[in-house]
Structure formats: structure tokens, C-alpha cells
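Peer 1: The lines below spell out each chain.
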Amino acid sequence: MTSSSVKNDALDELLEFHWMMDMIQNVDVGIVVFDRDLQVKVWNGFMEAHSGILPTDIKNQPISTYFPEIKAPWLKQKVKPVFELRTRSFITWEQRPYLFKFRNYRPITSSAPYMYQNVVFSPLVSVMGTVDNVCMMIYDMTDAASSKKQLLELQVKEFESSQS
Amino acid sequence: MLSVLICDDSMVARKQTARCLPQDLESQVHFAKHGQEALDALTAGKGQLLLLDLNMPVMDGYQTLENIKSQALGVKTIVISGDIQPEAMQRVKDLGALDFIKKPVNSEELRAAITRHGLFHEEELEQENSDLNELVRDCYQEVANVAMGMAGDHLARIMNVFVQLPIPNVNLIEVSELHMMLSDIDGSESTSGICQGFLGDGISGEGLCILSDSSFADIANIMGMKEDIDDHQQLELLMDAASLLIGTCLSGIAEQLDMKFRQGHPVVLGQHQSIQDLIKANRNAWKKTLAIEISYGLEGYKVKCDMILLFTEDSMDLMNAKLAHLLED
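Here the protein sequences line up with chains A and V, keeping their order. With my numbering as the guide, the letters of the first sequence map in order to residues 63 to 226. With my numbering as the guide, the letters of the second sequence map in order to residues 418 to 746.
Do not rely on the hints blindly, as some may be mistaken.
Derived EDC-like pairs (lysine to aspartate or glutamate); straight-line CA-CA distance at most 20 Å [to be verified]: (1) K705(V) x D675(V); (2) K140(A) x D84(A); (3) K519(V) x D457(V); (4) K486(V) x E454(V); (5) K677(V) x D119(A); (6) K121(A) x E454(V); (7) K519(V) x E551(V); (8) K121(A) x D99(A); (9) K163(A) x E672(V); (10) K677(V) x E156(A); (11) K677(V) x D84(A); (12) K739(V) x D675(V); (13) K493(V) x E551(V); (14) K432(V) x D511(V); (15) K677(V) x E110(A); (16) K140(A) x D90(A); (17) K140(A) x D119(A); (18) K163(A) x D731(V); (19) K705(V) x E525(V); (20) K739(V) x E591(V); (21) K493(V) x E483(V).
Here are the in silico distance ranges between beta carbons for each label pair [what the hints assert, rightly or not]: (22) V89(A) x E443(V): 53 to 61 Å; (23) D645(V) x E75(A): 31 to 39 Å; (24) M640(V) x D71(A): 41 to 49 Å; (25) N737(V) x I86(A): 29 to 37 Å; (26) E644(V) x S224(A): 43 to 51 Å.
No lab work stands behind these hints: they were computed from the structure. We put the beta carbon where it would ideally sit given N, CA and C, even for glycine.
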């Protein structure tokens with residue numbers, strides 16, 4: 063292998079890394095990486111757009127600095143198995159409508175007061191084979207939640223009218 | 418030829434009323450933004466029929482009626498108002514108004530009223546209170562104009578047609594009256610619509626793209642689809658058109674504001690429905706919205722496509738700040 067082809071490979075990898083980062087920034091899912099002290103390492107474009115908090119501001123800060131309603135002991139408990147057992151951990155909108163109070167993506171035509179969220183915590187294994195960071199993914203579930211709530215309301219109405 | 422003067426402080430309302438005039442009535446329509454303008458127009462001989470709103474700045478409807486009476490301006494007046502208290506109706510009739518029509522106006526009622534008073538032709542005005550100052554509105558209009566041009570250009574290149582660019586309509590409207598501003602789509606016609614949320618830098622809103630169902634055959638034709646198109650294909654066409662229009666228009670606006678918008682996933686509002694059924698706005702959360710309406714047409718085709726960008730009320734301060742440089746002398 064010539065030195066120029068090695069150089070090209072390295073350049074290709076760098077370019078690939080660049081668009082991979084772009085992808086993480088632009089994916090329509092919230093991505094937050096944090097360590098055992100809940101200090102934020104990654105805050106992607108979705109999180110920035112919906113929270114208005116810049117990645118440079120929140121980086122290396124505990125999540126609770128910007129979101130005091132997310133209690134550290136609760137979150138630590140939640141991610142303990144992710145760090146220790148390397149299993150995924152979940153929060154669904156049914157159990158907790160949202161983790162981050164973001165505005166509904168469609169403020170005018172959707173009646174939901176905020177963005178319903180599903181949250182997944184997934185372990186990130188380092189090159190050393192240890193889990194030092196957790197990747198938190200936030201999914202916008204507003205449409206599903208709204209339809210399910212409407213359906214439930216209808217079922218209750220139907221049931222009540224059949225009883226009377 | 419009947420000379421009709423529509424007096425209302427809202428542009429949307431004036432337009433709405435003008436649209437409700439019977440199609441087969443030969444008329445010349447004049448507009449006035451308040452009572453004083455109406456009196457000036459009447460004095461200048463414009464207006465045999467006056468369609469008058471009651472709540473207006475400068476001079477309201479009651480004062481206008483008083484002046485018409487005292488100056489003996491021989492105009493026939495029909496009041497169109499959202500204030501439908503019996504007292505209001507009685508007062509305007511005492512002041513010489515021939516009839517009273519409640520808002521929102523519809524063409525049947527208007528036709529009936531004009532016919533009843535032997536004019537056959539009557540105009541009705543729908544009023545919306547706009548708090549936008551002229552300069553700011555002008556500024557948004559210009560921004561929309563540039564963005565619309567870009568979107569039209571994309572559309573023209575992709576479809577290989579000539580796109581007729583209208584003047585964008587910029588208004589601060591009540592969320593509940595959203596469907597009324599969709600001027601290019603007949604209330605009786607069925608429509609299909611897509612909406613898409615967007616946000617960036619604390620500015621948020623939604624883009625709506627509404628196509629009248631009669632447009633699909635022509636669009637399919639332009640896109641080179643020969644066979645009859647079914648619902649799925651219609652939806653695909655609508656989705657393509659919406660992504661194109663909303664996407665390019667938003668990026669045009671973002672560029673001028675020196676920012677970026679993040680677009681959510683588009684949502685189908687409905688297919689083959691009336692405008693009223695299509696748009697059920699979140700009335701509780703927002704009272705007013707800044708609406709930029711652009712009605713696209715394609716030369717030589719019967720395509721009617723309305724694109725509306727709606728910004729939440731609380732986005733406006735930020736947008737005004739970003740547009741401040743355009744307002745400087």
C-alpha cells in the first residue's frame with residue numbers, strides 16, 4: 063500500500079466521521095450522552111432546538127443544572143442497571159408524559175399541551191471495555207399519545223352511554 | 418354596474434366579504450379601512466352599497482352611519498358585524514342601515530340580503546383585528562415575498578411549469594379563524610392538507626399545505642402520470658408538493674433571519690374534507706397567530722395550492738428583533 067492511499071483512507075475516515083456527526087446532529091431524535099455524575103457530554107441538534115440550550119453551555123454540566131425538575135437521585139437510580147448490567151432502561155409516555163418539558167412540535171394544529179416522550183437509556187462501551195457513559199434517546203410520541211387519548215375518551219363515552 | 422364599498426379594518430375581512438359577493442353580480446368594489454375612509458370614498462362618489470363593519474379604529478360603524486344620515490349621503494348600507502346583540506341590530510337599523518348580517522359572512526346570506534333590498538349585489542366583510550403595525554407587516558411581507566419566489570422557482574424547475582406568484586398575505590389572525598383566511602379555496606370544495614411543525618432559535622410554528630381536490634388531475638398530468646390516480650398517489654403528490662413548498666419557503670425565511678429551522682415530520686391533516694374539517698386548531702393554547710398565506714397557481718392549469726406559515730404569538734418578538742435590521746433607515 064502506498065503512502066498516498068493510506069492518506070486517502072485517513073481522509074475518507076475523517077470525512078465519514080464528519081457526516082456521521084452531522085447525522086447525529088440532525089436526526090429527529092433527542093440524543094444526550096452523560097456520565098456517572100450525570101454530566102452532559104453530547105447534546106444534539108434536536109435537544110438544542112427544542113430546549114433552546116446550546117451544547118456549549120450544557121456540556122460538562124449536570125443535567126439538573128438546566129432541568130432542576132429532573133432529580134439526580136431518581137435519574138441515577140434509573141441508569142444504575144445501564145451502567146452496571148449493560149441493559150437498556152426505558153421510560154414510556156404512559157408512565158411519565160415527558161422527561162424534558164418541550165413544546166409540542168405542532169403548536170397550532172395539535173391539541174397536546176407539550177411533547178409526549180419515550181426515553182431509552184443505552185450503555186456506551188468505551189475502547190477500554192467499560193461503560194462510562196450512557197446514551198439517552200428521546201422520542202417524540204405526541205401523535206401516538208394524542209390518538210390513544212382520543213380513542214380512550216371515545217371508549218369511555220361509549221361505555222357510559224351503554225350503561226345509561 | 419353596482420359600486421360597492423367594503424369598510425372593515427381587517428384586510429382578511431375585506432377580502433372575505435368581497436369574495437362572498439354574488440359571482441354573477443356586475444360590480445365595482447372599493448375598500449375602506451375605517452369609517453372616515455368610507456365617508457371620503459362615498460363623498461367622492463364611490464359606493465352605492467356600503468358593507469359596513471361596526472368595530473373599527475378612527476371612526477366606528479355607528480359614527481359612520483350617523484354621518485351618512487346627517488350628510489344625507491344616498492348610500493344603502495348593510496352592516497356586517499360580529500356583534501350580534503339585539504341592541505346592536507336595533508341601533509344600526511335606527512341609524513338607517515337596511516340590514517344586518519352576522520359574521521362570519523357567507524355568500525348565500527349576502528346574496529339574500531342584497532336581493533331583498535333590490536340591489537341584487539351586496540358585499541360582506543369579515544373583520545379581524547390586526548395588531549401588526551404597517552411597517553412590520555410590510556417587512557414580513559417582503560421577507561415572505563423573497564422566500565416565496567425561491568419556493569416558486571424550485572416548483573417551476575421540478576414541475577417545468579410557470580408558477581404564478583401571488584402577493585403573500587401577512588396577517589395576525591385569531592387561531593380559530595384560520596380557515597377563513599384560506600381565500601383561494603372555495604368553502605364548498607373538498608381539500609387535502611398536510612401540516613408540518615418547525616422550530617429554531619425560540620421561533621416555532623407550523624407550515625400548512627392545502628390542495629383543492631380538483632387540482633390533483635392536473636398535477637398528476639404535470640408529473641407525467643397517465644393512469645387515474647388513487648388516494649395513495651394523491652397523498653404522495655401532496656406530500657411531495659408540501660415538502661417542496663414548505664421546505665424551500667422556510668429555508669428562504671431562515672436565510673433572511675440568519676437562522677435555521679428544524680422541521681418535524683409532516684402530518685396528514687386529512688383528505689377530501691372541507692377546509693373547516695381539515696383545520697381544527699388548538700384554540701386553547703394560542704389566541705393569535707402570525708399567518709403568512711401564499712396561494713400558488715400554475716399557468717394553464719386549474720391547480721390551487723395554498724401554503725400557510727403560522728408562527729406562534731410568542732415567536733413574534735424574536736422575529737421582530739431579527740428583522741430589525743430591515744426596518745432601519
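Peer 1: If a hint holds in the structure, say so; if it does not, say that too.
Peer 2: Outcome of the hint check:
1. K705(V) x D675(V): With a Cα-Cα distance of about 25 Å, the restraint between K705(V) and D675(V) is violated, given a limit of 20 Å.
2. K140(A) x D84(A): Distance of about 29 Å is beyond 20 Å: violated.
3. K519(V) x D457(V): Outside the cut-off at roughly 25 Å; violated.
4. K486(V) x E454(V): holds, 16 Å
5. K677(V) x D119(A): holds, 19 Å
6. K121(A) x E454(V): violated, 59 Å
7. K519(V) x E551(V): violated, 28 Å
8. K121(A) x D99(A): holds, 13 Å
9. K163(A) x E672(V): Between K163(A) and E672(V) the Cα gap is close to 28 Å, so the pair fails against 20 Å, i.e. violated.
10. K677(V) x E156(A): With a Cα-Cα distance of about 32 Å, the restraint between K677(V) and E156(A) is violated, given a limit of 20 Å.
11. K677(V) x D84(A): holds, 14 Å
12. K739(V) x D675(V): holds, 8 Å
13. K493(V) x E551(V): violated, 31 Å
14. K432(V) x D511(V): violated, 28 Å
15. K677(V) x E110(A): It holds: about 12 Å lies between the C-alpha atoms, which stays within 20 Å.
16. K140(A) x D90(A): violated, 24 Å
17. K140(A) x D119(A): violated, 25 Å
18. K163(A) x D731(V): Given that 20 Å is the threshold and the Cα spacing comes to 17 Å, the pair holds.
19. K705(V) x E525(V): violated, 28 Å
20. K739(V) x E591(V): Measuring from Cα to Cα gives roughly 24 Å; hence the hint is violated.
21. K493(V) x E483(V): holds, 13 Å
22. V89(A) x E443(V): 53 to 61 Å: holds, 59 Å
23. D645(V) x E75(A): 31 to 39 Å: violated, 51 Å
24. M640(V) x D71(A): 41 to 49 Å: holds, 43 Å
25. N737(V) x I86(A): 29 to 37 Å: holds, 33 Å
26. E644(V) x S224(A): 43 to 51 Å: Holds: the Cβ-Cβ distance is about 46 Å, inside 43 to 51 Å.
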